[in-house]
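Asker: Residue strings, one per chain:
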Amino acid sequence: MNEKNPPLNIQEAPTGFALTIHNWKKSLKTLTPYLMFIGVTLWIGSYYLLVEGWQLPRFNKLPGPVEVITEWTSRDPDWGISMFSPIYYEHIIVSCRRIAIAFAIATCVGVPLGLFMGWSKIFRDYSFPILETLRPIPILAWVPLAILMFSGFETPVIFLATLASLFVTTLNTLLGVDSIDEEYFRAAKCLGSKPHHIFWHIVIPGSLPFIFTGLQISIGVAWFSLVAAEMVSGEFGLGYMIMDSYMNITYVTMVIGMLTLGFVGWVSSAIVRLAGNRMMQWRVRALALEGR
Amino acid sequence: MTNAVQSESIISAPRKKSNLEKLIRNKSLWRGIVALIGAVIFWEICSQSKIWFGVEIPWIGKVPPPSEVLEAWKKIFYYSGYWESWYLSTARVFAGFIIAMLLGIPFGLMLAVNRYFRDVFFPPFEILRPIPPLAWVPASIIFWPTTEMSIAFVTFLGAFFTIVINVLGGARNIDVQYLRAAQSMGAKQWDLFWKVVLPGTLPSIWTGAAVGMGITWEVVLASEMISGGGQQGGGGLGFFIWSSYMGGTVAQVIVGMISIGIAGYLSSSLIRYIGVISMPWRRLF
Amino acid sequence: MNGQMNSLGAISIRNVTKIYDPEGVNVMAVDDCSLEIASGEVCMIVGPSGCGKTTLLNAIAGFHSITEGEIYLDDKLLCGPSKPKADQGADRMVVFQHGALFPWKTLVENVAYGPIVQGVMSKAEAHEKAEHMLAEAGIEDVANKYPGEVSSGMARRSEIVRALINDPKVLLLDEPYRAMDALTKSIMHESLLEVYDRTKVTIFFITHDLEEAIFLGDKVVVMTTRPATLKKTVDVKISRPRDYQTLTTEEFRVLVEETKDAVHEEAKKAFDAGEREMA
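Chains as they are written, first to last, in my numbering: chain A, 1 to 292; chain B, 1001 to 1285; chain C, 2001 to 2279.
There are no misleading hints in this set.
Calculated pairs, BS3-like style, for lysine-lysine (alpha carbon to alpha carbon, straight line, at most 27 Å):
id: 1; chain 1: C; residue 1: K2105; chain 2: C; residue 2: K2129
id: 2; chain 1: C; residue 1: K2105; chain 2: A; residue 2: K194
id: 3; chain 1: A; residue 1: K194; chain 2: C; residue 2: K2129
These are calculated hints, taken from the structure and not from any lab test.
Quick caveat: nothing in here was measured; it's all calculated off a predicted structure.
Let the sequences and hints guide you as you build the complete structure.
Answerer: This is the structure we're talking about:
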C-alpha cells in the first residue's frame, strides 16, 4: 500500500476548490515547482544579461527587465505609463471591454448556430459551405472592409474580434455535437424523449466539452484580432498603446504593454476554463479519479 | 471454407456506384451549391440596393457588389505585381512556418519526453504564449536589421507556440503500453523515440501544423499591412489590400481578400495532404 | 406492482432478412431468420461477434430497418414490408454494450429521466421512485454520483434500473457484460436473475459467452456467422430461482455439452473469415 498516496475513498474524494488545493499540495512535494522557479529565473536572467548586462548589439536597442520593472512600478514614470498612472488602466479597460463585447456576441450567436447546424442536417448543408468559404480569409483582410462598412473606430474593431471568435466558436460547437456518441441518442429515444428533450438533455450537455475548448481558443483569437485591429486603427487600448509607444520610440512602454497583454489574455482564458469546469462537474470529477 | 463464407455474405454484388454518380446524387452537395449561389445573389442585391431601389441597406450596402469585384479581378489578372505579391506572401508564410516546424517539433518533443526539461523551460514558454504575435511586431522591427527578417520572426512566433503545444499534447497522450511493448522487444531509447514516440505524435504534429498555418497567414498579412511590405513590386498580398484601400479601389480590396482566402485554403490543404500521406495507418478509419 | 404488469411482451420474428449497403456493396447481415419468443421468456442469442445478432436487436428496437420479413410484438406489427423501420419507444428498452448512461447526469437523474420526459411522473415522483429502485438494486450509496465516478458494475446495474423504471414489455440487452471481468460478471448475473424473478419481463439478450447464455436463459439460440441464420435452438429447463451453484450441476453441464460444438464451429468460421467486427 502506498502511504504517500492512500487510495481515495469515493465518498471522501475532494471536489471543486478542495480538489485544486489538494493538487497544489501534492505538487509541492515533488521537484516540479522548484524547477519551475529555476526556469523562470533563468529566462529573466538571460533577458537581463543580453540586454542590460552585456549589452550585445541589436539587443541593446531593446529595454531590459530592470528598466521595464523600474518604469512599471514608479510613481512618476518617465514616459507616462506605469502601475500608478490612470491612463494605463484606461487602456486595459478599453481593450477588455471590447473583448467582452466581442466575446459575448460571438458566443451568443456562435453557440446556438453551431448547435443548430449539428442538430439539423438540412440547415448544415446550407450554412456550412458559406462558413467554410469565409473562414480561410484572415481576419485582418477584413480591416478595410470593416472600416468601410461601419462608422467610427469602436465598431470596426469590435466587429473584427467578433468575427474571429464567431468562426472558432461555431466550428467547435458543431464538432461538439458531432462528437456525441450515437448511442446516447438511441438511449434517449428509447426512453421516450421528444426532439426538444434530446436537444436540451443530450445535445447541449454532450457538446459542452467541445464548446468550452472552443471558447478558450476563441478568446485567444479575439485578443489576437483585437490587438491587430487596435494597432492598425484604434484610439485607445493595449494594442494601440504598443503601436503608439513604438512610433514615439518609448520602447519601455511597449514592453509593458506586451506583458500586460499576455497577463490579461491569460486571465481571461483562465476565467473561461474555470467557468467550464463549474458547468461540467461530471467531467472534472471523473478525470480527478483517474489521477489527472 | 473461407471463400464459401465470403461469397455467401456478398450477394452477387450489383454494380458499385461510380464516384461521379455518388457525387451527382449527393443532396448535401447541391444544397451547398444553392446556398453559395444564393449568398452571392443576396450580396449583389444588397450592394446595388442604392442604385436599384434608392434605399441603401446598412453595412452590406457600402460593399462593392460581386459584379464589380469580378471586373476588378479580370483587370488585375494581367498585372504582374498581383502575382508577385502572391509569391511574396506565400514565401514569407512558408519561411516562417518551416522554421517554426524545425524548431517547434524538437522543442515540443523534448518537453514531452524529459520532465526536468519541461519543468525548467515550460514556464517561460507559457508566460510568453498569451502575448499575441502581433504585439511582437514593433519589438521585432527594432531588433532585426531588415523588414523581411522581422516579418519572418513574428510569423515564426505565431506558428511556433501552436505547434509546440500540439506536439506536447500529442506526445504525452501516447499510450504508455506502446512504449512498454517496444521496450519488452528490446528497443533502446533511440529506437523508442524514432519508432514509437515520433510516429505516435505525427497526428498531433499535423493538427498543430494546420492550425499554425492559419495563424501564419494572419500574421504575415498583419505584418505586411503594418510595415508596408518593404518591396516595390507588390509587397505581398497584405500590402496589396492595404494600398488598394488607400487608393480607393475597394473592389480590388475584395479581390485581395478572396485571393488570400484561396491561398490560405490551398496551403492548409497541402498540409493536410502531406499529413494523410505520412500516416497511412490512419486511412482505414 | 410486480411481474403481472408484464404479461405481454411476446415477440415474433418471421423470415427477417437484412441487407446493408455500405459503400455500394451489398452485405447480407441476416438471412431469413424466424424466431418466437414467449411473453416473460429469457431468450439468449449466442454467436460470434459481428455476425448479425445486433442487427436483430436493432430491428426490434427500431434503430435499423429490415429488408424482408416481419416482426410482431404481441400481435401488433413492429416492422414489416409496409413499415421497414419500427418506432422507437419505451416498451422495448435497450441496455447498450458500452453503457449509455448520460455522463452529465447523476445516477438518480439518469434513472428518473425516462418517466419525466414521457410525462408519466412529475420530477419529484420520478426522483423518489428512482432512489427507491436504486436502493433495491443495492446502489443507494452512490446514487448522487456521476457515472464517471462509479465502478462499471454499478453503472451497468443503474442502466438496467433506468430501463426497468419504465415498465417495458421487453428488455433488450446487447452484450452488456462484455467488457467486464469474470468476477464482476458473476455478480451482474445474479443481479439480473434477481431482477427477472421480481418482474418477469421478457428478455432478449445477446452474448458470445455460451455459459452465460445457458445460466441466464430459458432458451438459447445459436446463430451462424454472417449472414446470420438460426443454427440451433436449445431449451434450458433448469428451474428458477437459479444461483451460481447452478453452474456446477449435471443439468448445466449436459446443456453446455449439447451446444458447444455448434458454437465452436461458428466461432472457427468467423475467425477464418477474418472480417473486422462491425462494431
